[in-house]
Amino acid sequence: MEYFLQQLINGITLGAIYGLIAIGYTMVYGIIGMINFAHGEVYMLGAFIALIAYLLSTLLGGQSAVLGLTTALLATMLLTGLWGWAIERVAYRPLRGAPKLAPLISAIGMSIVLQNFAQITQGARVKPLPPVIGGSVELLRGEDFTVSLSSLQIVIVLLTLVLMAAFTWIIARTPLGRAQRATQQDLKMASLLGIDVDRVISATFVMGAVLASVAGLMVTLYYGVIDFYIGFLAGIKAFTAAVLGGIGSLPGAMLGGLLLGLIESLWSGYFSIEYKDVAAFSILVLVLLFRPTGLLGHPEVEKI
Amino acid sequence: MAGAVLAGALREALAAAVVAAGLALPLLGFRLVDSSQGLSLGTRLDWVAWAALAVGLGRFLLTLSRRLRPASPRHRPSAGAVPAQADRLRPWAGWALAGLAVTLPFLPFADRNLVDKATLVLIYVMLGWGLNIVVGLAGLLDLGFVAFYAVGAYSYALLSTGLGWSFWICLPLAGLFAAGFGVALGFPVLRLRGDYLAIVTLGFGEIVRVVLQNWQDLTGGPNGISAIPRPTLFGLRFAANAPEGHRTFADFFGLPFSGEHRVIFLYFVILGLALLTNLFTLRIRRLPVGRAWEALREDEIACRSLGLNPTNIKLSAFALGAMFAGFAGSFFATRQGFISPESFTFIESAVILAIVVLGGMGSQIGVVLAALLLVGLPEWFRDLQQYRMLAFGGAMVLIMLWKPSGLLSDRSPTIRLGDRR
Amino acid sequence: MTAAPLLEVEHVTMRFGGLIAVNDLSFQAGRNSITAVIGPNGAGKTTLFNCITGFYRPQVGRMALHHPSGPVLLERLDDHRIAARGRVARTFQNIRLFTRMSVLENLIVAQHRTLMAASGFSLAGLLGLPVYRRAEARAVDKARFWLDKTGLAAFADDEAGSLPYGSQRRLEIARAMCTDPLLLCLDEPAAGLNPRESAELNRLLLDIRDEQRIGLLLIEHDMSVVMGISDRVVVLDHGAKIAEGTPDEVRRDPAVIRAYLGEPEDEEARPC
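Residue numbers (the working numbering), protein chains in the order written: chain D, 1 to 304; chain F, 305 to 725; chain A, 726 to 997.
Calculated directly from the structure, the hints in this document are not laboratory data.
All figures in this text were calculated on a predicted structure; none of them were measured in a lab.
Misleading hints may appear alongside valid ones.
[Stated by the list, open to error] Derived, one-sided and incomplete: chain D residues facing chain F with beta-carbon distance under 7 Å: (1) Phe48; (2) Ala91; (3) Ile105; (4) Thr121; (5) Glu274; (6) Val278.
[To be verified] Capping the alpha-carbon separation at 27 Å, the derived lysine-lysine pairs in DSS-like fashion look like this: (7) Lys188/D to Lys100/D; (8) Lys707/F to Lys100/D; (9) Lys707/F to Lys188/D.
Positions of the beta carbon are idealized from the N, C-alpha and C atoms, including for glycine.
Looking at chain D on its own, in the form it has when it is part of the complex (with noise of 0.2 Å):
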């Protein structure tokens, strides 16, 4: 039992983690009907631009932890938020009226220049970081396990629960939020009534960077190792999260990753660790048969 709930609370963090990078693909899914493949590479950016800041600041600053994180929270979100900018800007948004094949090759190729990048500057090994959020609550005492809450994990819950709040506000009250759910519609129309659609499609994917990016601070400070290539397998499982939540929304895409997050925890918990990551594909393989609009998604029909 006390297993069992601590495995449950691993996957709650876990599937914030995935949340937050699903929203991601979800929200330019929405609008612009297109998987961004290099998602999961800006996600391992995010990692390492927080990592860089977070040490940066401690170097020159002191050695507050608080002011640390800050720091790299500020910096992650700013600097990852460019790079979201600049991929669409320079490799999506000239091929918008291409074939739909050619968004894709772009994106696969951007992810590969992301991640070789990323290989190149900063090397292949991974890098570790000490714990800088200690402690732990315990909760409950069994007869040989005991099961604890540690404070980041508090810390990660409540951040992104602070930031779900705060993008379904914008999403729902703003004018760029409305703009975003006219054009996730109707993207000709919403040009046609003056909407700015390339600012509204560029501001969609700076929310998604933003997001991956305190994503990779969390797990760099969860897992305490980062390499290069977190990206690719954390990216195909955020996108099973955005699929098996409903492509295209936001509560959706939170929910898909809770539930992977938890799928995927009590997977390596009680069957095997080697395959956990199979595990996920074949999640996303049954949704896609069974209910491929996700779980509050809507359904699409085509029109004969």
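Assemble the complex: chain D is given as a structure, and chains F and A must be docked to it using the hints.
Showing chains F and A alone in chain D's frame:
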């Protein structure tokens, strides 16, 4: 006028340089250094300055060239059929390339290295032609093609090391197994469209790789399978010595033994396989099955209304594409003598897909050109191993920006009323 | 009608969740005749078509197509079987051609099933056997026949997508006819055509009715086509049939006038 253009270009260049500086600052400007004392930071800020400068300059030149050149319409829809003359040139170009390929090992400048690299290019050409059936002709976006490649390779490896069967017997079997996997993959994805299909097939590719990596008993896990036997020419071995009852190639033909013989033999094997794939594809495009693939790509609902069964059409495309990948995989295994899951990652699927898309979907010669570009060229820069993949990814992006429909994307009809046979 | 009907639609109901698109609809379409289905937008005409051609499965009802060998129940067949087994062909409201294939290829694809059978699933073709070559030649002949009928022979080798709009509509009809149907369903064949093209379309459809001796079922808003060539008209409104009869009968029916035709003198009034 010129002043305004220059000023505008300068402004854009400055903006681009600033953005580039921001992008380059974290990862380029700093370096994470891992030492016994923990993690620390090294600086390379001058690189950031150089990067910003380069980007700014590039943007400046780009903007200038755009403003000065008369506007040309971007994605112009295809205006009509490929004129008959271009059509007649194509087969000649094809024959010329084939002729070059056949005579390559005997040309004066051809050395072992060149033939070896050409062999590698041919593997990818064959894979590209195989994937072309699925993606180019049938329009099914398969991102997990490497799985069939792997099935072919491991089938041959296991059959030959386990049962001792020869390459030529295992080859069709490997194709059969791979085709079986193709059908198995095809069934679940029948109702999926576009990007979803892509992701699921990618997932399948990864599942296959993870299974190969972890199923130690069958596949040897990360260690793979080694000592895979090489192919023989009607029983003649390409080695210095042969065991009892067998003869070597050199011995049979009265030639002094040379390692080059095997290299050239392998080259001709893959050339033969590739040409077989090409011949098959050219033929099948003029047959109901091939036309059905292309019709399905164009409009599935119209196909249904004409009585075509999309299930059969999709499964046949997957199966046949997979079969050729299986053949290529067997060849890969026999050429290397050793295989491991590392050779069958997603990157391979991406490379093959890039070759098909870059070449212009459905174009046979395009695939050859793209393979030469994406696989052949980087091989020449092997010393700069690190930058190879970076250049590869960059090439994918750049070529898409330049020619989104691929290098040779015009389609010519497979049957003409004009020249009825 | 003196002759036995070709198509019998009985009590067909199609629901999408809470929305009833087609409500207990029954009517008949005869062989060697043109039956028009008209009604305001949203009346359920295309939904009815999609039921008859197998793209939707109605929850209730029976749709029987009377083959020479006996009735075939269309509600039991999937979309691709409807064309093959049911011998129903259709065109679409938004033209669905194989745009990047040539005009001729579009017509050859339509004869896929015949060619597959003749070539042993393409095997005979792969081996270059004469039985396939002969079958392909026959297919080209049939294609040529329809190209001539629709005036598209000059464009045979051009990309279907490059044809002018009116020609594309005719190509879709030619392609449908290449499947040798007993019933041809046309979804707004005159949409977007100018008066001269509409008149040509009328001639083509009458030609098909008289020469091929099949039944035609068409959805139309263009009254010159409906009144000009239809033998019978069925009027739908909100998914239900409100009138059925000859064009004259329907034109005078008060229920129809109420629904949308407007006053008899006011023939210019086109429903939008």
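Tested hints:
no., hint, in the structure
1, Phe48, "holds (6 Å)"
2, Ala91, "holds (5 Å)"
3, Ile105, "holds (5 Å)"
4, Thr121, "holds (5 Å)"
5, Glu274, "holds (5 Å)"
6, Val278, "holds (5 Å)"
7, Lys188/D to Lys100/D, "holds (17 Å)"
8, Lys707/F to Lys100/D, "holds (13 Å)"
9, Lys707/F to Lys188/D, "holds (25 Å)"
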